[in-house]
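A.B. asks: Given the coordinates of chain A, work out where chain B should sit on it, guided by the hints.
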Amino acid sequence: GAVVSQHPSWVICKSGTSVKIECRSLDFQATTMFWYRQFPKQSLMLMATSNEGSKATYEQGVEKDKFLINHASLTLSTLTVTSAHPEDSSFYICSARLAGGRGSTDTQYFGPGTRLTVL
Amino acid sequence: SQQGEEDPQALSIQEGENATMNCSYKTSINNLQWYRQNSGRGLVHLILIRSNEREKHSGRLRVTLDTSKKSSSLLITASRAADTASYFCATAAGGTSYGKLTFGQGTILTVHP
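Those sequence lines, one after another, are chains A and B. If you count by my numbering, then the first sequence holds residues 14 to 132, one letter each, in order. If you count by my numbering, then the second sequence holds residues 36 to 148, one letter each, in order.
If we strip away everything but chain A, and leave its shape as in the complex, we get (with noise of 0.2 Å):
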């Protein structure tokens, strides 16, 4: 089956640093992905679309410039949260949408997920 990873699995840093997200399709490309972010007991939000080779999609309310996102590859995105504060502490999850146009499965396959704390 598609395999979705996300490094870290959790990751602590302080107030001001910047942390980067790694998601990665293993097993098979994505032009399309998906970040995600969940608070505890709370459903996903969805906040950007982030397309192979071109700018991410941004969510109304969600901050481009606070969450860079970068899709490289097909197999590849990234989401850094720069300038990090406590208020950003969550649970960010990415997803994968196998290549192949429309006509292909709509599926999405979700990583594990990366817990973030921001002291």
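Incorrect hints may appear among the rest.
Claimed, not checked - With a cut-off of at most 20 Å between alpha-carbon atoms, the simulated PhoX-like pairs for lysine-lysine come out as follows:
(1) A:27 with A:54
(2) B:105 with B:61
(3) B:104 with B:61
(4) A:77 with B:135
(5) B:104 with A:68
(6) A:27 with A:79
Just so you know, these hints were derived from the structure itself, not from any lab.
C.D. replies: The following block gives chain B in isolation, referenced to the frame of chain A:
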């Protein structure tokens, strides 16, 4: 914004019983998907039902979709303790929003052995 409303928010049952979770949404969709999330983990895709389908089965899972009522249900039959998790519905729109998923609030299912 969250489109889906799920009920119940929490469901507690005994092993062997059936569990039914409902999801309602507001706008037209291309498909609706159900996911499971164990505590602190990523999401596992369970089943996808397209807007032109009414019912779909996968093992002990049965999903229905009523586009006229903008609602879906997930039935887990003969539940097991291992089914304990949060279950989310997610709707996928078409057009310019193609591929984007909007998640419901989720149902926390607890299956007691």
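A.B. asks: Compare the structure with each hint and give your call.
C.D. replies: Now the hints, each set against the structure:
1. A:27 with A:54: 24 Å, violated
2. B:105 with B:61: 7 Å, holds
3. B:104 with B:61: Roughly 9 Å between the alpha carbons, so the hint for residue 104 of chain B and residue 61 of chain B holds.
4. A:77 with B:135: Status holds; Cα separation ~18 Å.
5. B:104 with A:68: 37 Å, violated
6. A:27 with A:79: 16 Å, holds
Checked against the numbered hints above, the structure violates hints 1 and 5; every other hint is satisfied.
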